[in-house]
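Asks: Going down the list, the sequences are from chains P and C.
Terminal number for the first sequence in my numbering: 323, no gaps in between.
Terminal number for the second sequence in my numbering: 339, no gaps in between.
Be careful, since some hints might not be right.
[Claimed, not checked] Dumping the calculated SDA-like pairs for lysine to any residue here, alpha-carbon to alpha-carbon at most 20 Å: (1) K82(C) - M47(P); (2) K82(C) - G233(P); (3) K59(C) - E232(P); (4) K32(C) - K21(C); (5) K324(C) - E194(C); (6) K59(C) - G105(P).
Note that these hints are calculated values from the structure, not bench results.
Please read all numbers here as calculations on a predicted model, not as lab measurements.
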Amino acid sequence: MIRYIIRRLLWAVVLFIAVTVVTYIIFFIIPADPARAVAGKNPTPEMILRARHYLGIDKPVYIQYLRFLDRLVIHQDLGRSFANRESVNTEVGKAAPVTASLVFGGAIAWMMIALPIGILSALRPRSLLDRASMTFVLIGVSAHPIWIGLIFSYFFGFKWGITPISGYCDFINPAAGADCGGPVQWAYHMILPWMTFAVLFAALYVRMIRANVLEALNEDYVRTARAKGAPEGRVVRVHVLRNALLPVVTMLGMDIGLALGGAVFTETIYSLPGLGRTAVQALNALDLPTVEGIVVFSTLAIIVFNLIVDLLYAWIDPRIRLA
Amino acid sequence: MSLLEVSDLKTHFRTDDGIVKAVDGVSFSVEKGQTLGIVGESGCGKSVTCLTIMGLNPKVNTISSGEVLFKGEDILHTSASKLRQLRGDEVAMIFQDPMTSLNPVYTIGAQLVEAVLLHRDVTKKQARSRALELLKAVGIPRAERRIDDYPHQFSGGMRQRVMIAMALVNDPDLLIADEPTTALDVTTQAQILELMMRLQEDFGSAIMIITHDLGVVAEIADDVIVMYAAQIVEQGSANTIFKRPHHPYTWGLLGSLPRLNADVERLVQIKGQPPSLLNPPRGCRFHPRCPYVFNICKEQEPRLLPVSDQGEHLQRCHLDEETKDREAQKLLAGMMAEA
Numbered sequence: 001m002i003r004y005i006i007r008r009l010l011w012a013v014v015l016f017i018a019v020t021v022v023t024y025i026i027f028f029i030i031p032a033d034p035a036r037a038v039a040g041k042n043p044t045p046e047m048i049l050r051a052r053h054y055l056g057i058d059k060p061v062y063i064q065y066l067r068f069l070d071r072l073v074i075h076q077d078l079g080r081s082f083a084n085r086e087s088v089n090t091e092v093g094k095a096a097p098v099t100a101s102l103v104f105g106g107a108i109a110w111m112m113i114a115l116p117i118g119i120l121s122a123l124r125p126r127s128l129l130d131r132a133s134m135t136f137v138l139i140g141v142s143a144h145p146i147w148i149g150l151i152f153s154y155f156f157g158f159k160w161g162i163t164p165i166s167g168y169c170d171f172i173n174p175a176a177g178a179d180c181g182g183p184v185q186w187a188y189h190m191i192l193p194w195m196t197f198a199v200l201f202a203a204l205y206v207r208m209i210r211a212n213v214l215e216a217l218n219e220d221y222v223r224t225a226r227a228k229g230a231p232e233g234r235v236v237r238v239h240v241l242r243n244a245l246l247p248v249v250t251m252l253g254m255d256i257g258l259a260l261g262g263a264v265f266t267e268t269i270y271s272l273p274g275l276g277r278t279a280v281q282a283l284n285a286l287d288l289p290t291v292e293g294i295v296v297f298s299t300l301a302i303i304v305f306n307l308i309v310d311l312l313y314a315w316i317d318p319r320i321r322l323a
Numbered sequence: 001m002s003l004l005e006v007s008d009l010k011t012h013f014r015t016d017d018g019i020v021k022a023v024d025g026v027s028f029s030v031e032k033g034q035t036l037g038i039v040g041e042s043g044c045g046k047s048v049t050c051l052t053i054m055g056l057n058p059k060v061n062t063i064s065s066g067e068v069l070f071k072g073e074d075i076l077h078t079s080a081s082k083l084r085q086l087r088g089d090e091v092a093m094i095f096q097d098p099m100t101s102l103n104p105v106y107t108i109g110a111q112l113v114e115a116v117l118l119h120r121d122v123t124k125k126q127a128r129s130r131a132l133e134l135l136k137a138v139g140i141p142r143a144e145r146r147i148d149d150y151p152h153q154f155s156g157g158m159r160q161r162v163m164i165a166m167a168l169v170n171d172p173d174l175l176i177a178d179e180p181t182t183a184l185d186v187t188t189q190a191q192i193l194e195l196m197m198r199l200q201e202d203f204g205s206a207i208m209i210i211t212h213d214l215g216v217v218a219e220i221a222d223d224v225i226v227m228y229a230a231q232i233v234e235q236g237s238a239n240t241i242f243k244r245p246h247h248p249y250t251w252g253l254l255g256s257l258p259r260l261n262a263d264v265e266r267l268v269q270i271k272g273q274p275p276s277l278l279n280p281p282r283g284c285r286f287h288p289r290c291p292y293v294f295n296i297c298k299e300q301e302p303r304l305l306p307v308s309d310q311g312e313h314l315q316r317c318h319l320d321e322e323t324k325d326r327e328a329q330k331l332l333a334g335m336m337a338e339a
């Protein structure tokens with residue numbers, strides 16, 4: 001077990017280096033100079049040179065990368081933004097809770113939709129509910145989050161005024177300069193983003209849960225359970241669901257890890273200052289340290305959640321033993 | 001009164017292509033403590049017959065008619081909850097593939113305990129000691145330790161032993177075994193059959209065993225039913241079926257038993273495929289494959305009639321008895337000579 005975790009963590013280091021190196025190389029290839037943006041209007045060549053030196057991008061790319069690693073590993077410091085000289089740690093620290101609220105709330109919402117619909121439509125294949133849910137799945141899978149987001153914020157936010165159109169409120173009491181805050185305002189502002197997120201994923205999950213439950217219902221051990229005289233409710237609860245939902249755990253863990261890297265579309269539509277939106281803005285500003293900081297954070301999120309999934313899986317599925 | 005009496009049982013499945021008559025008018029009975037063997041090729045309706053008795057067919061698109069009396073009570077048309085109480089308690093079943101018939105995420109102990117608790121009002125501890133008792137009875141070595149193992153930690157033969165233990169845990173009066181040895185290798189097959197016979201003596205259960213292996217039937221059954229294309233084609237005591245088989249299909253089954261010292265290059269087989277149950281052949285259902293076919297076979301469906309001097313021996317063939325006796329003797333003599 002311990003050896004397994006160590007091996008996984010070593011792999012994580014390799015993966016981490018690969019991802020961050022690629023990000024650096026891509027930035028190096030982009031034919032644009034962040035120094036020009038920093039040096040102000042109509043800069044003289046010396047001013048640009050000074051700006052380059054100041055930002056640390058006058059060195060070769062591998063030196064830049066090693067400095068980045070050194071800062072990160074020794075001081076847990078992601079550096080300062082090119083655009084506004086803010087600490088990237090602070091920026092990521094501000095954006096991550098926003099994305100986390102979106103992702104975890106959204107995950108709860110989509111599981112609350114997907115579990116009952118998926119299970120019921122598998123238990124009653126070809127019924128009205130099944131057909132209706134398959135239609136929902138088709139719409140959910142085909143719709144783009146931007147489109148869903150616009151529709152939702154137009155109708156719920158603008159036309160009917162049930163929810164805010166966009167924006168974010170802190171979970172904790174109003175921060176200085178913010179005009180709202182507290183759990184109620186937070187949840188109120190998150191309703192539409194959660195719904196948007198949920199529609200997208202719920203569709204995929206309904207389809208997967210339905211297929212898994214249908215498959216499990218045909219397993220021999222389910223017939224055995226019925227032959228033992230187990231009531232149908234118990235057969236489904238104890239024998240079907242336990243097996244059918246195993247793969248869902250894997251997928252949920254990986255999707256949450258992935259989404260924590262930034263739900264770009266949903267965040268953009270609702271002006272949520274999360275990681276995805278911050279990353280897009282930073283990219284436009286050629287703000288390498290911020291982009292790299294978000295990459296680091298999302299890589300970590302994916303690695304951690306995959307590890308959690310593996311450990312959880314070994315715990316709930318006796319056939320898997322980590323060695 | 002027989003323990004189980006099945007009369008004119010029909011099970012039809014509605015499909016997109018039409019109605020599949022998987023079981024088409026089957027009647028037989030099982031006496032207390034006796035063993036009935038049902039033999040036939042794959043897809044002849046053996047398993048469906050058993051699943052219908054157990055009420056385990058899918059509910060939608062299945063039409064069952066006829067009568068199934070268990071201890072004099074109709075269980076074909078009874079309520080789902082009553083049938084559920086019967087299943088696993090008075091009637092138990094073991095299945096063909098022990099590799100997939102146990103739930104992979106629970107220990108075998110938990111699965112046996114579940115079977116006890118579903119029918120007996122006992123504590124978990126008592127249920128567990130009953131489970132342990134059964135595991136010992138079916139010959140699981142070091143049962144005290146293995147009771148907490150998961151199915152994947154057992155071999156196929158051991159899993160089938162666990163399945164048998166689970167079926168017998170509530171001391172059923174009737175045990176239905178659907179090809180219990182088919183998925184096992186030959187030495188394990190013999191062990192499992194021996195185990196079933198020994199347990200039958202200890203527990204006094206009647207057994208209905210489905211198989212396509214006549215060797216198994218010869219070893220274990222008191223009575224035999226030969227099924228072909230959803231119908232019974234021959235029925236009688238094991239003794240008569242093996243000494244005086246009266247249906248060309250039974251001859252075919254006997255003739256295709258592999259023999260070690262037979263001087264033939266290839267295994268003998270019955271030519272052709274079993275017919276589609278969507279649209280079975282007119283007349284005798286076996287006629288397209290029968291080497292003894294004559295005109296009437298293609299026109300008129302033979303009825304299941306007793307062989308003249310033996311009321312218990314039924315067969316479904318137009319051939320005259322003299323020819324049948326002669327051909328049967330020829331076949332058996334041939335088999336004896338080879339052996």
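Asks: Against this structure, judge whether each hint is valid.
Replies: To see whether the hints hold, each was checked on the structure:
{"no.": "1", "hint": "K82(C) - M47(P)", "verdict": "violated (90 Å)"}
{"no.": "2", "hint": "K82(C) - G233(P)", "verdict": "holds (15 Å)"}
{"no.": "3", "hint": "K59(C) - E232(P)", "verdict": "holds (12 Å)"}
{"no.": "4", "hint": "K32(C) - K21(C)", "verdict": "violated (30 Å)"}
{"no.": "5", "hint": "K324(C) - E194(C)", "verdict": "violated (34 Å)"}
{"no.": "6", "hint": "K59(C) - G105(P)", "verdict": "violated (40 Å)"}
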